[in-house]
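Student: Model the full structure from these sequences, guided by the hints.
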Amino acid sequence: MTGYRLPAGGAVDRTRPLGFTFDGRDRSGFAGDTLASALIAAGVRVVGRSFKYHRPRGIYSAGPEEPSALVQLGRGPWSEPNVRATQVDLYAGLEASPVNVWPSLRFDAGAINQFLSPLLVAGFYYKTFLGPRGWWRRVYEPAIRRMAGMGKAPDEPDPDLYDHAHVHADLLVVGAGPAGLAAARAAAAAGIRVVLADDGAQAGGDLLTSSATIEGRPGAAWAAETAAALGAMSDVTVLSRTTVLGLYDHGYAVAVERRTDHRPPGACPGHARQRVWHVRAARTIVAAGSHERPLLFAGNDRPGVMLSGAVRTYARRFGVACGRSPVFVTNNDSAYVAAIALADAGVPPVALVDLRPVPPPAASKALADRGVEILAGRVPVAVHGRAGVRGIDVRALDGDRTTGSLRRLECDLVAVSGGWNPAVHLLGQLRAGLTWDEAHATFRPETLPAGLAVAGAAGGTFSLAGCIAAGHAAGEDASAAARGRGGRRPVPATAPEEEAETPLLPFWGLSQGSRGKAFVDLQNDVTAADIALAAREGFHSVEHVKRYTTSGMGTDQGKLGNVTTVALLSRALARPMGETGTTTYRAPYVPVAYGALAGRHVGALFDPERITPIHARHVAAHAVFENVGQWKRPHYFPRNAEDMARAVERECRAVRGAVGMMDASTLGKIEVRGPDAARFLDRFYVNPIASLVVGACRYGVMCREDGMVFDDGVVMRLAPDRFFVTTTTGGAARVLDWFEEWHQTEWPELKVFSTSVTEQWATVAVAGPRSRDVLARLMPEADLSAAAFAFMTFRDVTVAGMPARLARVSFSGELAFEISVEGTLGEAMWDAVAEAGAPFGITPYGTEAMHVLRAEKGFFMVGHETDGTVTPIDLGLERMVAKRKDFLGKRSLSRDDTARSDRKQLVALLPDDPGTLLDEGAQLVDEAVLRTPMPMVGHVTSSYRSAALGRTFALALIRNGRARIGERVYAPLVRPAAGEMMVSAVIAEPVLYDPSGARRDG
Amino acid sequence: MLLIPCPWCGRREETEFANGGEAHIARPADPAALSQEEWAAYVFLRDNPKGWMRERWFHAHGCRRWFNLVRHTVTHEIAAAYPPGAPPPPLPGEAA
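Chains as they are written, first to last, in numbering that gives the first Met the number 0: chain A, 0 to 1001; chain B, 0 to 95.
No wet-lab data here; the hints were simulated from the structure. Just to be clear, a hint being listed does not mean it is correct.
Covered stretches of chain A (in silico footprint by chain B; criterion: 3 or more residues with CB under 8 Å from a CB of chain B, positions within the stretch not fixed) [said to hold, decoys possible]:
id : segment
1  : 245-254
2  : 741-754
3  : 884-896
Selected chain B positions facing chain A (in silico; Cβ < 8 Å) [claimed, not checked]:
id : residue
4  : Gln35
5  : Trp38
6  : Ala40
From the three backbone atoms N, C-alpha and C, an ideal C-beta is built for every residue, glycine too.
Tutor: The following block contains the structure:
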C-alpha cells in the first residue's frame, strides 16, 4: 500500500473517475489510466504469484514487456486470460482478477514451493517427475497444471467481431516515438503512401514522459500535433493501439489493432473489436524503441522492485507515484533522468545507488541539488520485505564481488536500470544480423535485409536528437527510393534533456557475497543460478538453455531477460556474447487472440460448404449429412427415429432387393478436349484409354510417378476428341491440377484443354435389380435391355422430358444407371426418379450404404484402401495395367520394392464371430496372444455390417495376403466394456458378394 | 509471405501459388530403359540447396499457369521468373 496518486501531473483526466474491480474489490482510477497505473495509484502492490515458486509479484514495467501483472479480464464470453495490465486502457466497470494465484492472492498454498525449490531447478520437468510409472499422468501433471495455471480460457463462444484489412504502401513505419514520427513525416512530405503503426493509445512513445522539446514544443504536444497532421494527409494511415506482430519477407507485415478494447465489453455492437492489418510495403522502418533491462541481485523480483523508466512513466504520464520512498539502482545514466523526474514530482528519492565508481557529473549534481544522496560504486545484496519492499542492503562493488560494510536503505520502491535493449524482435524475425554492442552491453542490429531500415533506440541510438535524426534520414531514404526525391524538410530541432555522460557498466550479477534468488526471467521463475546450472550440465547452445531452463518462454518471450540469459551463459562458458548469440525471434511480438487471427472465418464461414443442386431435397428428407472434403453429402436417410445402423441396413437391402437412388453429383467431373486428348489421357491411366470407342466408358486408375495409386474414376468418350472424366469426390481439384501440371510443364506440344465441369452437372444414380423398370417408366420408348444398352456404355437421351446423359455404370455390383442432367434440372430429375420408382419402393441411400455395397463387391476406395503407399498390383489390378503403353508411374511398378511378393495386398476379412465389427485402422497380427512388441502383418481399411452377407466383414491390406486366403489373423481391440481383447478373423477373397458378377446386367 | 512475380499476372501473394519443387527435371523419354538407380534418382532425388535455386511454381488461385522462379532459399530474394520451356537463366553469381 505504497503507491498513490500525485496531487498533480500526468495526462489522466482527473474530472472523470472510473470505477473498476480487481480481485473482487472495488477500485477507482481516471480516464487515461491503464489498469496498471490505476492499480498502483490505488495502492495495490501484489498483483499475482510467480509461475514456479508462487512468490508474490507486483507490477514491474509499463509496457508490453510486463512479466508479472497478467490478469484475467472480463467475465463470461468476454473473459480473456493473461492480459498485460500495463497495456489495458481503463474503462468504467472493468473487471480484472489475477491469474496465477491458486487458491488466492493473499493465501497461497503454492508458496510452499519456495521451500521445495531445490527440486524445481532448471530442467525440473525432466528430472523430478520420473517415477513411479503412471504418476505423471495421474498425479504430477494435474497438480502442475493447477498450480501453474495461467488464466482460464473462456468456455463460451467469443461474442465479438473481428476483421481483417489489407493495405499496400510505399512505407510502413513501426512505432510512433520520436524516430518513427520523424521518419513518417519526412516520408509523407514527399507524397508517398505511408502506414504508421503504434501500440500506444497516443503517439509519442518516450516523448509522452520526456521533458524535452522539439521544434520549440513540449515533446508530447509535438508528437500529438505531428500524428494529427500525418493523419490528415490522404496517403497516410495512422494506426494507434496497433501492435505489429510480425515482419515477413518481401515487405509483408501483420499488425493487430485494438479498436474497442478500451471500452466496456459489448459497448460497441457492430464494430470489430480488433482488426488484423496485412500490410505490404515496399520499405519498412522499424522504430520500435527499446526495453529497459533489469539488474541482477538477490530479491530483484519483490513487489516494489520496478524498472526505473516505468517509475518515470507512471509519474509523468499518469500522475502516479509507485512508492513514497524510492531508491534508484543503476549501471547507466538513464535512471538519473527518472530520479530527477520523481524528485520534481514531489517524491524525493532516498538515494541513487550507482554501480559505477564515478557517477556522471552533471546528472549527479542535478540530483544532489534536489537533496538526493548518490551512492557510487555500490550494489544491492539483499532486498527486505516479502510481499513488498521495506528496504535494501548495499555494499561496495568490486568487479563481480562485494567488499566493505553493509548499509541498509529503508525504502518501499527499488527502481532499477540495467541498461536498454533495442527492440530488435521484428528485425530478428527477418533474419537481420545482430551484433554485440559492448558500449551498451546489448545486441543491436548490424546488417538488414533489403527494404528494411531501423531508426532510433531500436537501432541502438539512444539520444533524442539522434533518434529524430535517424528517423528523419530513414524517412528521406524511403521517399527517395519511392519517388526519387527527398530532403524537402529540415531535421526537427530538439532541446534535449540530459544526454548520457558516463558509459554504462555491464553487470551480470555477483559471483558471490549474496544469498537468495536473483531472477533472470520473472515470469518463468528462472534464476541466475539456473542458467549457470544448465551451462554446467552441458547446455551450451542458447536455444537449448532457453528450453531447458524455460528462460524467455513466457508470454513476454524474454523481452526483459533474454540478453541477461545470453550474458550469464557466455560468462559461464567464458566465451564472447556475440558468439553465444540470441535465440530465434519469431512472431507474434505480443500474444494475439485467436479470434483476431480467425477474423470473419468463423462458424459457417470457417470453410466454404459445397452443396449439390439436389441438396434441398435431402434436407427435406431429414438426411444426416457427412462432410466429404467441402461437400455436404447425405450420410444416410433415417426413417422413424432409426439409428444409423438400421437406416444403412434398410438402404442396403433396398438396393440389393429392389432399387435405390443416390445423389452422385459430388463426383469430380473434368472435360478433356482436343485432338490429342486420347494420347494425353493414355499417359495418366494405368489402363488403355485411347482404344475407348465413342459412346463407351471405362473404369480407370491413375498413379503418381512413384507407382502409388492417386485417383480413380470412369472415363467416357463423348467424341473422338472429347472425353468426360470423373474423379473421386475429394480428388477433383487434385486431378485437374495433375493434368495441368503435366500438360504445361512436360507435354506442352499436346493440343488439349482440361476443364472442370463438376458443378455443371447433377447426377442421380439408380441402382438395384428394379432400376431398369424405373428407367423404363421415365423413357418408355427406349430399349434398355442389356443387349441394346450394354454395361459400361452411355448415351445422350431424354429422361422424363429432360436432356440427360445416361450411363450404365455400377458401384454396387447391381444393375445400375447414372442419369446426369445440367445442374439446374437436378431437383426435377431427382423428383422424377423418386416418382417413377415409387411403385418399386425406390429408396434414397447415402454414402454409408454406398460404402457397404462397394465393399461387399471388393471395390477399393481411394483414401480408404489406399494411403499413398499402395500400388495397383497391391489392390489386385494386375490385369488392368497396360503392358504395351507407358503411363505415369509404370516404371515404378517394377522397382525392387514395389515388385516384392510380401507387400501388403488387398483382401477381405471375416471375423470368426459374425457379430463382431473390426475397427477400421486396427492392426493385424499372426498370434492370438497379445504381447509387446509383436510383428504387425497388416491393417483393416474398411469394416461394415452386411445385410446381404448376414454378418460383419472387412477389407484389409495384409502382407502377402493373396497367398494367405483361408488363414487366420488377429486384431487387438479395446472395447470400453471388455477391455483389451483379440478378435480372430479369416482372410478371404476380396469380392464377397456375387463374385461371378451375374447381377450387373439385372 | 513472398510476393511472387507470375510471368503472366505480375506480383501476387504467395497464398495464390503452390510450390512444385526443383525445376528442370525432365521426364525420361524411355523409362523402361532406365536402371533402378536412374529411375529412383528421377522420381525421388531432388536438390535442396541453401542458396539460389530454380524451382517450379503453379499460380493455382490465379491464372493456373506453371512457371519457374530463381529464388534464394535463405533470403527469399527472387532473381528471375520465366515460363516453362524457356532456357534456365544463370543463377546470380554464376557465369552465363
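Student: Three or more residues of the segment 245-254 of chain A near chain B by CB distance under 8 Å?
Tutor: holds (count 5)
Student: Does the CB of alanine 40(B) sit less than 8 Å away from some CB of chain A?
Tutor: With a minimum Cβ separation of about 12 Å from chain A (threshold 8 Å), the hint on alanine 40(B) is violated.
Student: Classify the hint on tryptophan 38(B) as holds or violated, based on whether any CB of chain A lies nearer than 8 Å to its CB.
Tutor: 5 Å, holds
Student: Hint glutamine 35(B) vs chain A: min CB-CB distance below 8 Å?
Tutor: Because about 6 Å separates glutamine 35(B) from the closest Cβ in chain A, which is inside the 8 Å limit, the hint holds.
Student: At a Cβ distance under 8 Å, does chain B reach at least three residues of the segment 741-754 of chain A?
Tutor: This one holds; 4 residues, not fewer than the three required, reach chain B with a Cβ under 8 Å.
Student: Taking beta carbons only, do three or more residues of the segment 884-896 of chain A come closer than 8 Å to chain B?
Tutor: Per the Cβ count (6), the hint holds.
In terms of the numbered hints stated before, the structure departs from hint 6 and from no other.
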